[in-house]
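So the sequences go chain by chain: A and B. Counting from 8, one number per residue, gives the positions in the first sequence under the working numbering. Counting from 1394, one number per residue, gives the positions in the second sequence under the working numbering.
Misleading hints may appear alongside valid ones.
[As the list claims (entries may be wrong)] Using 25 Å as the maximum straight-line C-alpha spacing, the simulated DSS-like pairs for lysine-lysine come out as follows:
(1) B:LYS1710 - B:LYS1696
(2) B:LYS1464 - B:LYS1407
(3) A:LYS84 - B:LYS1696
(4) B:LYS1418 - B:LYS1600
(5) B:LYS1696 - B:LYS1395
(6) B:LYS1517 - B:LYS1539
(7) A:LYS26 - A:LYS123
(8) A:LYS14 - A:LYS84
(9) A:LYS84 - B:LYS1710
(10) A:LYS268 - A:LYS257
(11) A:LYS84 - B:LYS1624
(12) B:LYS1624 - A:LYS96
(13) A:LYS84 - B:LYS1709
(14) B:LYS1395 - A:LYS96
(15) A:LYS96 - B:LYS1464
(16) B:LYS1464 - B:LYS1498
(17) A:LYS16 - B:LYS1624
(18) A:LYS96 - A:LYS84
(19) A:LYS16 - A:LYS84
(20) B:LYS1629 - B:LYS1600
Hints in this document: simulated from the structure, not taken from any laboratory.
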Amino acid sequence: MYLFVEKLKETRWAYSRIKAFETLLGGITIIFASTLVLTLLSLPPMFGILPAIPFLLFRFYRRADMFSVLDRDENLKERIRAAYDNREKDSIVMRHLSSDAFARLDGVRFSSFMEKRLTVTRVLLSILLAFAALAVALANVQLLDAREELANAIEQAEDFSMDKGELKKFVGNLIKPPQNNEEEKDIFGKPSVAELPGEKLKLDLYLGGGEMNLRETKPRRETFAQTPELPIAAMPSATYEEDIPEKHEKVVKKYFEEVAKVSQ
Amino acid sequence: MKNIDEQVYKEVGKTFGLLFSELEKVIVGQRDVIEKVLIALLCDGHALIEGYPGLGKTMMVRTLSMMMDMKFSRIQCTPDLMPSDITGTYVIEDHGGKKIFRFEKGPVFANIILADEINRATPKAQSALLESMQETQVTAGSTTYKLDRPFFVLATQNPIEMEGTYPLPEAQLDRFLLKILVNYPTLEEESKIVERFAGEAHEEVRKVIDRETLLSLQRLTRQVPIGGDVKEYALKLVTSTRAKENADIEYGASPRASIGLVMAAKARALLGGRNFVSREDINAMAPHVLRHRIILTFDSERKGITQDKVVEDIIKKLT
């Protein structure tokens, strides 16, 4: 096999590694940008990874072919391609071409594959976006509440086949932060009407706090149960019972005796 | 043979440089025409030159044959030219009282043949020459005579004075690898021509390559590698001439054109000192390979559209 074939494979390997790194960097930049946007829209930042997925899939799926590594130099690319496509043939001209191809590939610097300006831009942009996302999250800055807007948009939509209430609930569950199932339940339950036959109730609703006062309209009759008369005697409300350990009794007794001597 | 080829390949640049410099001693300008003629030679093909009289076509071919140390013959085609005038004929000879027939070889038994004004010869005479071009052999009676290698026919055609001529049919034109158009020289070139040929005796050319070297160069031409994408491009170019959507073309080029285009591109690469065929080679040779193989519609001819224009449009579309 001609030597240039191995050299070409080595060159391609280096190229694919560099391009993979650039692609990952691009994906990271997209993630940070999406996270910033989502944070500003009061949406969960973890969804920022979603736009990066098709980008990464597309870039990794669209793998470079053997010769795209030499796209920048069309002349070299034609030369190497001609040599590679005829690598099974042995002739004077082919041998000359193969040594020529090897020499030229040997002169290719792998660092030239990296788009330096683009890479530096992506790195700086990623750092900037990361800090911006962090700052926005900490400062709780919001451009608009996307959840509210989305809910309103769904209410106004007319073409949905789903029941609006169910759709709203579905979307609401999707965009709300995860909570305990118990707390998600409507504690008030479905609205219902209670009827007390023959009873009239007065309902007072107060603005702001949602305070409500519900009373019967009938005059209130308060009845008291009279307790029987008992002799009035003062009784201590509580009897202090000393509960001093025996070994401490002597110490306490001695203390008070001394206090009495001093006071005399 | 391999040793000869290796030696020739090492000195290929020097050889061609010497060839051009020797030719320039006699031929002024026409560098492009000389290059195309050399390409046809390297491809072991034949060329049709179309140009007005007095442009140095005969001189060029004669000079080329002198530099290559090969047998040269010239056939002046006229309406009364017979096929035997080209291929040869049997003559009766007297050997010791016995009469025997001896085949007298015609001018076609040479290495480089100049068939001047081929469109003036009758179709019968044309076919005798064209048959030898295709088969590289001549059949006289029951005997077949192989022609010597290399065998190169340079036919010329005069675009004016078409009365009483027999234009080559398209099927016959297909046998020529290239159709080369010769134009008038520039003012400076014409001044040099007058100075050279209206003055004292001009320089003689010396032999640069021999028959073996030329055969070696022809073998090396076939060895020039071509990449898959460039080959595909050449095929696309040729097959585009057959495309129904091309409204200007009545009949497109045949597969012989594909072979010719790739071969011509290889020869051009070798002539240019390159060891691979590039897209530029294909584009440069396409007009010369295709112009005589494409038949335009009557409407296109009426509008003044040329084959070269059509080929140029196809190249632009594919690029």
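> Does B:LYS1498 lie within 25 Å of B:LYS1464 when you go C-alpha to C-alpha?
Replying inline: Distance ~13 Å between B:LYS1464 and B:LYS1498 Cα, so the pair holds.
>> Just to be careful, I want the Cα atoms of B:LYS1464 and B:LYS1407 compared with a cutoff of 25 Å; is the pair within it?
In response: The hint holds at about 24 Å.
>> Check whether the Cα positions of B:LYS1395 and A:LYS96 lie no farther apart than 25 Å.
In response: 15 Å, holds
> Taking only the CA atoms, is the gap from A:LYS268 to A:LYS257 under or equal to 25 Å?
Replying inline: 16 Å, holds
>> Run the distance test for B:LYS1710 versus B:LYS1696: straight-line Cα separation, threshold 25 Å.
In response: 21 Å, holds
> Holds or violated: B:LYS1696 with B:LYS1395, Cα cutoff 25 Å?
Replying inline: Roughly 53 Å separates the two Cα atoms, so the pair is violated.
>> Against the 25 Å threshold, does the CA-CA distance of A:LYS84 and B:LYS1696 hold or violate the hint?
In response: Measuring from Cα to Cα gives roughly 41 Å; hence the hint is violated.
> Within a Cα-Cα threshold of 25 Å, do B:LYS1624 and A:LYS96 meet the stated pairing?
Replying inline: 16 Å, holds
>> Would the hint linking A:LYS84 and B:LYS1624 be met if the CA-CA limit is 25 Å?
In response: 14 Å, holds
> Does the alpha-carbon distance linking A:LYS26 and A:LYS123 stay inside the 25 Å limit?
Replying inline: Measuring from Cα to Cα gives roughly 12 Å; hence the hint holds.
>> Next pair to validate is A:LYS16 with B:LYS1624; report whether the Cα-Cα distance is within 25 Å.
In response: 23 Å, holds
> Does B:LYS1600 lie within 25 Å of B:LYS1418 when you go C-alpha to C-alpha?
Replying inline: 13 Å, holds
Hint check: violations occur at hints 3, 5, 15, 20; the rest are consistent with the structure.
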